[in-house]
Amino acid sequence: MKSLQLIKPYFLEKRFIIFSGVLCLTIVDFLQLFIPRVIKWAVDDLTALQVDPNGLLRYALYIVIIAVMMGLFRYVWRRCLIGTSRRVEEGLRNQLFGHIQTLSASYFDTTKTGELMAHATNDIQHVRMATGMGMVALTDAVVLGIAAIGFMAYINTTLTLFVLIPMPLIVFSARFFTRKMHRLYQDVQASFADMTEVAREGFAGIRIIKAYTREKDETARLETASREYVNRNLGLVRITGSFFPMMMLFSNMSLAIVLYLGGRQTISATISTGDFVAFISYLGILTWPMMAMGWVVNLIQRGTASLDRINRILETQPETDDRTDALSPDVAWKSLDLYDVSFSYDSLTPPVLEGITLSIKQDQTLGIVGPPGSGKTTLLQLIPRIYDVSGGAILLGSVDIRHMKLSDLRSRIAFVSQEPFLFAGTIRDNITFRNREITDGELAKAIDDAQLTETMASFPHGYETIVGEKGIILSGGQKQRIALARAIVQDKPIVILDDPVSQVDSETGSALIRSMKSLAGLRTIIIVSHRLSAVQFADMIIVLDGGRIIESGPHEQLMAAGGYYAQTFRLQALEEEPNGN
Amino acid sequence: MATNAAYFEEEKLDRSYDLRLLKWLYPLTKPYRIPLLCSIILVILITMLDLALPYITKVAIDRYIVPKMETTILPTDTVGDSKARYLKVDITESQTADIVRRYAPLFTREGSYALIRFDDLTHLDKKDILALRKGDLAGVSVITLLFLALIGANFIFNFGQVMIMEYTGQMIMHDLRIRLFDHIQGLTVAFFTRHPVGRLVTRVTNDTQNMHEFVTSFIAVIFKDIFLLAGITIVLITINWRLTVITFTILPLVVYAVIHLSVKARDVYRILRVKIADINTSFSETIGGIKVIQLFRQERENYRRFERLNHEYYQAGMRQIHVYAVFMPIIELLGASATALVIFYGGGRVLTEGMSLGALVAFIAYMRMFFRPLRDIAEKYNIMQNALASAERIYQIINNREYEHRTDGKAYEKPGLPERIEDIIMEDVSFSYVAGETVLSKVSLHIRPGETVALVGPTGSGKTTLINLLTRFYEPQAGRILINGHDIRTIDIDRLRSKIALVTQDPFLFSGTIRDNIVNGSKHISDEELDRIIIASHCRSLIDKLPKGVDTELAEGGSSVSSGERQLISIARAFARDPDLILLDEATSYIDSETEQKVQVALSNLMKDRTSIIVAHRLSTARMAHRIFVLNRHRIIEAGTHRELMAQKGFYFRLHQLQQ
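Going down the list, the protein sequences come from chains G and L.
Everything in the first sequence is counted per the numbering used here, starting at 1 for the first residue and increasing by one.
Everything in the second sequence is counted per the numbering used here, starting at 1 for the first residue and increasing by one.
Among these hints, one or two may not hold up.
One-sided excerpt, in silico: chain L residues whose CB lies under 8 Å from chain G [said to hold, decoys possible]:
{"id": "1", "residue": "T57"}
{"id": "2", "residue": "R85"}
{"id": "3", "residue": "I143"}
{"id": "4", "residue": "N154"}
{"id": "5", "residue": "I178"}
{"id": "6", "residue": "T205"}
{"id": "7", "residue": "E301"}
{"id": "8", "residue": "N310"}
{"id": "9", "residue": "P329"}
{"id": "10", "residue": "T339"}
{"id": "11", "residue": "F344"}
Some residues of chain L that are not near chain G, with every Cβ distance over 10 Å (derived) [claimed, not checked]:
{"id": "12", "residue": "Y26"}
{"id": "13", "residue": "K30"}
{"id": "14", "residue": "F370"}
{"id": "15", "residue": "M384"}
{"id": "16", "residue": "L445"}
{"id": "17", "residue": "H446"}
{"id": "18", "residue": "D487"}
{"id": "19", "residue": "L546"}
{"id": "20", "residue": "Q600"}
{"id": "21", "residue": "V601"}
To be clear, the hints were calculated from the coordinates, so they are not data collected in a lab.
Quick caveat, the model's predicted, so the values are computed rather than measured.
We put the beta carbon where it would ideally sit given N, CA and C, even for glycine.
I would like the entire structure built from these sequences, with the hints used as guidance.
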C-alpha cells in the first residue's frame, strides 16, 4: 500500500475537483432514477385515463428538463473525474521518466527496454483506468445501486427482494469473469509475443533461411505459433463471449421474476401498472451498478499491481550517484591518473580490467589500442563514471572522481561512443542539444572539423534535416561524424573518442584524424581506435589485451619494440596502400 | 536516398482508401463461407430475439395485466368520466358468478358477461380478484415461461455467434498472416536490407490483428446494428406508425450528433495515438541514448521536452474527455427527448385513439434500444478506420513483387542442375548494391571440382559480396556465373541452394532445440547419422555438458551457449546438409584460440572432397586452401597457391609477412 503514496499528491491537489465530480455523478444518478418515476406517473394516469394532454406535456417536459440537467452534470463529472485520472497519468509518467534518467548504465544493462516501455505505457494506463473509471464505477455502484434498490423497495419490498435474487450472481460472476479474462488475456499476450518472435527470426535470419531453403519450415513454424495464438484467443473469447450474454441472462432473469410476480401483483391490484412499468425500468438501471461492482474490484487490483511495479522502479537508486559528501572542487587539475584500476560488470564474472595504472597530463593525448574484447571501451567508460571502478581509483588532479559531483565531472568531458546515438530531431539539435549559445559559426566550424560540410550540402534542409529515429536516414559513418561534431562543439577540456573512424572510408578517416590532431595540445584527448593511424600522433599509446596493459609508450618506441602494435600497424599500412602493391 | 524514402513512407498512410481493398479482402473469406453464414444467421436470430423481448412485455401488459379499454360497450349510466377501463368477466363460470353476486353493486351485467371498473377492483378481496382473473394469471405464467425460454436461447445464440465469429475472424487472419509471411520470405535479400525487421514483423503480427478487428466489426455493424435499427423501425411502425413518424423527427439530430461524435472522436483519437507514439519514442530514445544524455548532462533539457510532450498528451486526453462529455450527454438527451415525445404524443393516442398501454411501454423500450446500435456504429467506425490503415499497409507489401527470380522448373528444365556442383566459373562479374558504388568490378575466376579456395583481402574488398552472388541473394549487374557450364540464372533457386551450405561470421541459430537447428527440417537424418555429424563437427563435448543433450532448447539469442559453440553448431548444420558447395564467410573470426582449433578441425572434416570457398580473415586459415584469391579494391589482384603467391612477393606476401 506504500505505493499509494505515489498518487496521493494528485488526489490532494485535485480534492475539490474530485469532490465536485463525485457530487455531480451522484446527482446524475439520482436524476437518472427519476425518469422511470415520471414514466410511472404517466402510465398510472393513462391506466386510469385520468390525464389530459396538458398533463402529458407536463410529464414530457419533466423528462426533458431532467435530461438537460443530467447532460450538464454529466459533462462536469466526466471532466472532473476522468480529467483527474489523466492528471495522475501525466504526473506519474513525468516522475517515471525523470527517475529513469537518473539511473546508471548498469541498470539498463540488466533491464530490458521493452520492460521499461511496458511500465511507461501499460502500467500507467492501468493506474489511470483504476483512478478514473474506478472512481466512476465505485460511485455508480454505490449510489445507483442503493438508490435503485431503495426506489424499488419503496414500490414493493417483497417484489424487490425476489428481483434481487439474481443480482449477487451478477456481482460474483462479473468478478470471476473479469479476473479470468485478465489471466487469459495474458496468455493471449504471451502467445502473441511467441508468434512475434517466430516472425522476427524468420526475417532477421533471412540469409540463413534462404541459403538453407528453410522457407517452408519457417512458414510451418509461424503456422504453429499463429495457430496457438488463434487457440488462445478462442480460449479468451470463450470467457468474454459468455460474459456479456450471461450478464444479460441474469438481468433478464430478474425481468422474468418481475414479469411473473409483478404481473400477478398488478393483476391482484397490489401494485399499480405504473409501478410495474417503473420496476422494469429500475431493473434496467440496476444491471450496470451490479456489473460495475465486480469490475471495479478488478480494476483497482490491477491498478495497484501496476502502481507497485512503477514504485519499484522509482525506488531503484542509481549506482553511480553523488555521495552525500560530494565535493565540487574548483581544482585546476594537471593530470588524470589511474591507480591499479580493476573492473568487472558483476561479481560473478571475471574482471574485464585489471591493474591499470597510467597518467595523462593535461592537454596531452592518450591512444588506446588492442584486440576486440580487450577492455578498451570499458576503460573509457570508467572516466565519466558510466560505471564506477571495482578496485583502485581514478583521480582528477588529486580528487577521486567518486568524490566529485557527477555533474561537475561530466561537465568537463566530451564523449563520443562507438555506437553513436542520435535523437530523432534535426542535425542541428543533435549537435548542439538545442543550446542557443552555440553560434552558427561555431556550429559550422565543428561540422567542418568533423568532415561533414560536404554531407550537409547534400541534404535538402542542411542542418535542419530531420534524421529520424536513431538517425535512421544517415549512414554509420555520418552518424559517427555527427557525434564527433557534437563533442567538438561542446568545447570541453577532456575529449574521449571511442573508435571514431571505424565506420568511415579511409579518406574521410584520414581527414578526421587531421582534425583530431589539430585539437591535440589544446585539449586532453583519450582515443581508442582499431585504425592505428588514428592514434599514431598520441603522446602516449597503450596496448590492452585481456584487460591488462601489455605495451605502452609513444608511437616510435612501440614500433621499435616490434610487438602487437608494430605488427598491426604495418598490416594496416599495407591495406591502406592505394593499389595494394 | 533510398533509406530516406523507406523511412518516411510509414507516415503518409493515413489517407483514404478505396473499394479495391475490400475487393482484395473478399477472397480471403472464401474458405470460411459456412461459418460466416452461420454467424450471420445467428446474428439475425439474436437481433430478432432482442426485438422480441420488449414485445413480450407488451403482450403481457396488454393481454393479461391491463385489459384493453372496452369503449364500445361502455354502459350508458356511467356519468362523469366518459371513459374508464373495465374488466370483463364471464359469469357462466360458477366461481366467477359467485364473486360477481357478492360484489353485485360494483358490476354491470351484460348478457353472459359482467363488467367492473378497474378502479373498483381494489374494493374486492385479493383472493377474489385472483379468482376472477385466473385466466390472466395463467397467461402471465405462460408468457414468463416463454420469456425464460427466449432469454436462454438468446444466451446460447449469443455465445455461439461470438465463438463462430471469433473462430472465423481469427482463421481468416491466420491465413492472411501465413500468406503474408510466405510472401515476404520469397522477396529478395535486397528488400530485407531496405525494410527494418521490426516493421515487417509489425505487418505480420499487429496489422493482421487489426484486420481481424475489421472483419468482426464489419460484420457486427452490417448485420447486427443496421439489422437491429431496421428491425426496431419496423416494429415501431407496426405498433404505431404515426407515433414512429413523430418520434423520428429527432432522428436527423441524432444521426448528426453521432456522425459528429465519430469524426471528432476519431480526430482526437488520432492525435492521442500520435502523441503516445511520440512519448514511447521519447522513452525508448532516452533509454537507448541514456549514456549520451548523462554524459552531455542533457537530463534537464530532455526532461523538459518530455514534460511538454506529456502535457500535450494530457491536453489531447482532456480534449477527448471534452468530446465525449459533450456528445454522449447530447445523444442521451436526444434519447430522453424521444421518450418525452412518446409520452406526450403517444400518451395522447392512448387517450384518444385507444392505443394500448402495453404498446406505449413497448414503444418507450424500443426507442431506448434504438440508441444502442447507433452508438455502437460510432465506435466501430473508429476501429474500422484504424483497421483499414493496417489493411493498406499489408496491401502495399503484398503488392511488392520483388520476388527472387525463381524458375518454375518449366522454362529451364532442360539445362537444370546435374547431380553435383562441379566447377564454378565467374566471367567479368560486376556488382554494386547502390548505383555508382562499385563493389565488384569485372571479377573472373574458375574453381575446379573438389577444390578449396580462399578469398583474402581488406575489409570492404567484396569478399562477402562474391559469396552473396553464388547463393543468388543478389544478381550481378554484368557478367555471368556458370555452374557446371550452366548460367546460374537458369538454375532453380531452391535446387541450387539445396546443394550449398553457408556458414556465416555471426551464426544465426533459431530458437528451438539443438537437434532442430542441426537437422534443419530434413527428417531423413537418422540418430546414427546425427551422432556422426556431431562428432565430425566437434559438437560432442558441448552437447554432452548440456542437461538435455541434443534436445536442449536454445534460449532467445542462444545465450545458453557461447559464441564459439554456436559456431560449432552452425558447422554441424552445414554437415547435416551434405552439400556439394561450402561457403564459409569468416566463420572463425570471433572465436577464442582454443575453440578455434576445434573449429578448424571441424571445418577441414567438412571440406574434405567438396568444393569450398573460404572468406578468410587470418591468413593461417587461407593456407588450408588449394588456391588463394586476393581481392582488393573490387578486383582480384593475385591468385595462386600459397607457395606461388609467396614467390610473387606481392600483396599477399606482405600481408603474410606482417601476420607472422
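Hint check:
{"no.": "1", "hint": "T57", "in the structure": "holds (7 Å)"}
{"no.": "2", "hint": "R85", "in the structure": "holds (7 Å)"}
{"no.": "3", "hint": "I143", "in the structure": "holds (7 Å)"}
{"no.": "4", "hint": "N154", "in the structure": "holds (7 Å)"}
{"no.": "5", "hint": "I178", "in the structure": "holds (6 Å)"}
{"no.": "6", "hint": "T205", "in the structure": "holds (5 Å)"}
{"no.": "7", "hint": "E301", "in the structure": "holds (6 Å)"}
{"no.": "8", "hint": "N310", "in the structure": "holds (5 Å)"}
{"no.": "9", "hint": "P329", "in the structure": "holds (4 Å)"}
{"no.": "10", "hint": "T339", "in the structure": "holds (6 Å)"}
{"no.": "11", "hint": "F344", "in the structure": "holds (4 Å)"}
{"no.": "12", "hint": "Y26", "in the structure": "holds (21 Å)"}
{"no.": "13", "hint": "K30", "in the structure": "holds (18 Å)"}
{"no.": "14", "hint": "F370", "in the structure": "holds (15 Å)"}
{"no.": "15", "hint": "M384", "in the structure": "holds (20 Å)"}
{"no.": "16", "hint": "L445", "in the structure": "holds (17 Å)"}
{"no.": "17", "hint": "H446", "in the structure": "holds (22 Å)"}
{"no.": "18", "hint": "D487", "in the structure": "holds (20 Å)"}
{"no.": "19", "hint": "L546", "in the structure": "holds (20 Å)"}
{"no.": "20", "hint": "Q600", "in the structure": "holds (19 Å)"}
{"no.": "21", "hint": "V601", "in the structure": "holds (23 Å)"}
Consistency with the previously given hints is maintained throughout, with no hint failing.
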